[in-house]
Amino acid sequence: MTAAAGILAHNTVVVALGVAAVGFAAGVVGSLCVLRKRALAGDAAAHATLVGVAGAFLTTGRRDLATLLAGALVAACAGLGMLVLVRRFTRTRDDAATALVIGVSFGLGITLVSGLPAWGYANSAGLEQFLLGHTAALTARDAWLLGAVAAVAVAAVAAILKEATLVAFDAAFAAATGWPVSGIDYAIVGLVALMVVAGLPAVGAVLVTALVVIPPVAARFWTDRVGTMVVLSGLIGLAAAAVGVAASAARPGLATGPLVVIAAAGAFAVSFLCAPHRGWIARRAEAARGLTVRRGDDEGEAGR
Amino acid sequence: MTSSTLVGDLAFGLGGIHAWAMATAAVIAASCALVGTLLVVRRMSLVGDAISHAVLPGIAVAVLAGGRPGGPLVFLGAVAAAMLTVWLTQGLRAAGGLTEDAGAGVVFTTLFAIGVVLVGLAPPGTHLDAACVLYGELAFLPFDTISIAGQPVPRAFVAGATVLAGLVAAAVATWKLQVFTAFDPAGARMAGIPVVGVTTGLLAATAVATVASFDAVGAVLVVAMLVAPAAAAELLTRRLHRMVVVAMALGAVAACVGYLAAWRLHTSAAGMIAVVLGLEYAAAAALAPDDGLAARLIGRVRLAWRVAREDRLATVWRAEEAGNRAAARPQTPHEAVVVRWLEFTGHLLRDGSSWRLSPAGRREAENVVRSHRLWEAWLGRHADLPLDHLHPPAEWVEHHLGAEMRERLEADMDERAADPHGREIPPEA
Chain A
840 MTAAAGILAH
850 NTVVVALGVA
860 AVGFAAGVVG
870 SLCVLRKRAL
880 AGDAAAHATL
890 VGVAGAFLTT
900 GRRDLATLLA
910 GALVAACAGL
920 GMLVLVRRFT
930 RTRDDAATAL
940 VIGVSFGLGI
950 TLVSGLPAWG
960 YANSAGLEQF
970 LLGHTAALTA
980 RDAWLLGAVA
990 AVAVAAVAAI
1000 LKEATLVAFD
1010 AAFAAATGWP
1020 VSGIDYAIVG
1030 LVALMVVAGL
1040 PAVGAVLVTA
1050 LVVIPPVAAR
1060 FWTDRVGTMV
1070 VLSGLIGLAA
1080 AAVGVAASAA
1090 RPGLATGPLV
1100 VIAAAGAFAV
1110 SFLCAPHRGW
1120 IARRAEAARG
1130 LTVRRGDDEG
1140 EAGR
Chain B
4 MTSSTLVGDL
14 AFGLGGIHAW
24 AMATAAVIAA
34 SCALVGTLLV
44 VRRMSLVGDA
54 ISHAVLPGIA
64 VAVLAGGRPG
74 GPLVFLGAVA
84 AAMLTVWLTQ
94 GLRAAGGLTE
104 DAGAGVVFTT
114 LFAIGVVLVG
124 LAPPGTHLDA
134 ACVLYGELAF
144 LPFDTISIAG
154 QPVPRAFVAG
164 ATVLAGLVAA
174 AVATWKLQVF
184 TAFDPAGARM
194 AGIPVVGVTT
204 GLLAATAVAT
214 VASFDAVGAV
224 LVVAMLVAPA
234 AAAELLTRRL
244 HRMVVVAMAL
254 GAVAACVGYL
264 AAWRLHTSAA
274 GMIAVVLGLE
284 YAAAAALAPD
294 DGLAARLIGR
304 VRLAWRVARE
314 DRLATVWRAE
324 EAGNRAAARP
334 QTPHEAVVVR
344 WLEFTGHLLR
354 DGSSWRLSPA
364 GRREAENVVR
374 SHRLWEAWLG
384 RHADLPLDHL
394 HPPAEWVEHH
404 LGAEMRERLE
414 ADMDERAADP
424 HGREIPPEA
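Each protein sequence line maps, in turn, to chains A and B.
Under the numbering used here, read the first sequence as residues 840 to 1143, first letter to last.
Under the numbering used here, read the second sequence as residues 4 to 432, first letter to last.
Keep in mind that the hints were calculated from the coordinates and are not lab data.
Honestly, I wouldn't trust all of these hints.
[What the hints assert, rightly or not] Covered by chain A, according to a simulated footprint, are these stretches of chain B (three or more residues, beta-carbon under 8 Å):
id : segment
1  : 40–48
2  : 141–153
3  : 182–190
4  : 313–319
5  : 399–406
[Said to hold, decoys possible] Facing chain B, from chain A, some residues (calculated, C-beta under 7 Å):
id : residue
6  : A848
7  : H849
8  : L874
9  : K876
10 : L970
11 : V1052
Where is the CB? At the ideal position from N, CA and C, for every residue including glycine.
Build the full structure now, drawing on both the sequences and the hints.
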């Protein structure tokens, strides 16, 4: 009874709704990213956010979510900027450059966060929650902020969906017909950075990439239409976020992020296995039917 | 108190703890750099990233099943988890049509999430907690010792050194196979090399190096130790065996420097090691002898300066040819600087309000003009360009033709000593 009351408490519900909205928006934004075959574009941004969270706290001394997330967004963009610079000015290849930015920026973030207590910031505890996500610490105000960011991201996707689809499926044609391909790519990556930052409080820097990768990949199994995929991906992200928040409210000891990711992975597993046409079972069934038919043909030929 | 424990106590005195921690970090970093070099040249850096996350559930299951951190069961669990990651990623690509990065993004995040939950479920006192997963606890490792020849030696150092020795032995034994597979997989397959086996071995080695690093630096920062030293070494040398040695050295140095810096600043050693690795990479990118940023910048400046000098000398030469010295006067401040410099080095001589060429300046100028006019003549003859299109390419090429090339161009000229504009081509100076 008390557990039920705890789960249904007003704050918990508002936080769950805010995080669910972020899950929806992340799924929507992630669809563009996955269709453009840049699934891991957000990972470098995600690992860089920790530097921004610690940096925002160190420079302003404030711990409210808006300040910390603003710092995280700056750091995410700086991380992506470093990636662009490494690619442009060295002969390090893309994969190594990405791994480099992930490792080094996360190391800097850990260094800053771990050093805070020794540098005289007694009340720094709490920044670690951005590593693996911790919704119990969020307030209703924070949830409204997250919801607003999610709404902005969804509106932006709605605005560029047609162009982004064109670029994702035929970048050469888009460029030839005069669309600003690199501008649209930057917009997609920028939106991913925004959603990575918005997902930070609930899912944490280490796993937040999953929020923009798993729902669209799962949604892709159900449909061949971009509009349907975007909405479905959003709904999968929403459900995963809601389930994760509810589960962590039931087991307060566990970080929220892993639970959200496991919920999304469950949706992925179901999609991978059970989706019609593209799902594994449907494909096996189709392949078996195809084999039967072909075998029948062979027998027919042999009999002739 | 026997003498051997006395020595041990002394070794564990004020500097001893730090020495052991640095030694542990250094052998771990060297192991990671060795494996990471092969990952980087094979463009598998992100596979290393995925494996370093995905070993967590393997470690957690092994610990929950009673394995000791750093023990054989944990290594087995981690290698199994790494193989599972690769198998799942490839399976999703084959059976679900996912791109490799999307598949890896699904698999390693999911496995890491499962690992974190398993760690959260572990009973207290099992030597696994969320902080250890993310940061490692390098500073505490020297206190968990085993006795070797009567001396207390940190268990983590023994494990790390064993792993390093094993990986070096494996790398030396299979070096040619690894190199062949890395740079020409199709050729290696044709030559009968078990490419899949070689790749699997590399992935297993990645898992082993990751587990050896896990207690010290945590799961997430291993990727910096795998990739950063190799990426930096790749900028410094182009030979693979040198790259491995340089990467291992960079890793070990960063481990020691990072540990000391973290100790001075009272912060996470693992994080600081990653930061130092990043600084090493930045230094390599800036200062690499051949294609570092500084070397390329200096090369460009020197080229621009040489072009400016040669253009000025050629201008004075042409002005003298036309009998109009005034035409050689510098028009811009930049040209004026170049003229001052040429005067200082004795290539130009001041002559009232204008300049004339010294013998040395004349020699150089004649070769530039000769290059220019030979190139115009050659283009006019072979490239079928209109007369007014010959000058711009020659204006660039004149700075890049050596004596040998001029000789070949002249041999092609059937003894016409004039360019297409009818001006004389000066002889080789």
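Hint check results:
Interface restraint, the segment 40–48 of chain B with chain A: holds (4 residues with C-beta to C-beta distance below 8 Å; minimum three). Coverage of a stretch by a chain is defined here by at least three residues with a beta carbon nearer than 8 Å to that chain's beta carbons; for the segment 141–153 of chain B and chain A the count is 0, and the condition is violated. Given a C-beta distance limit of less than 8 Å, the hint that chain A covers the segment 182–190 of chain B is violated, as 0 residues qualify and 3 are needed. With 0 residues carrying a beta carbon less than 8 Å from a beta carbon of chain A, the segment 313–319 of chain B misses the three-residue requirement, and the given coverage is violated.
Closer than 8 Å: that is the beta-carbon criterion, and the segment 399–406 of chain B has 0 residues meeting it against chain A, so the requirement of 3 is violated. Against a cut-off of 7 Å between C-beta atoms, the interface hint on A/A848 is violated, since the closest Cβ of chain B lies about 23 Å away. Nearest Cβ of chain B to the Cβ of A/H849: about 27 Å, over the 7 Å cut. The hint is violated. Checking A/L874 against chain B by beta carbon gives a least distance of about 10 Å; that is not within 7 Å, so the hint is violated.
Because the closest C-beta pair between A/K876 and chain B is about 6 Å apart, less than 7 Å, the hint holds. Satisfaction of the interface hint for A/L970 is found here, the shortest Cβ-Cβ separation to chain B being roughly 6 Å, below the 7 Å cut-off. The criterion of a C-beta within 7 Å of any C-beta in chain B is met by A/V1052, whose closest approach is roughly 4 Å, and the hint holds.
Hint compliance for this structure: hints 2, 3, 4, 5, 6, 7 and 8 are not met, and every other hint is.
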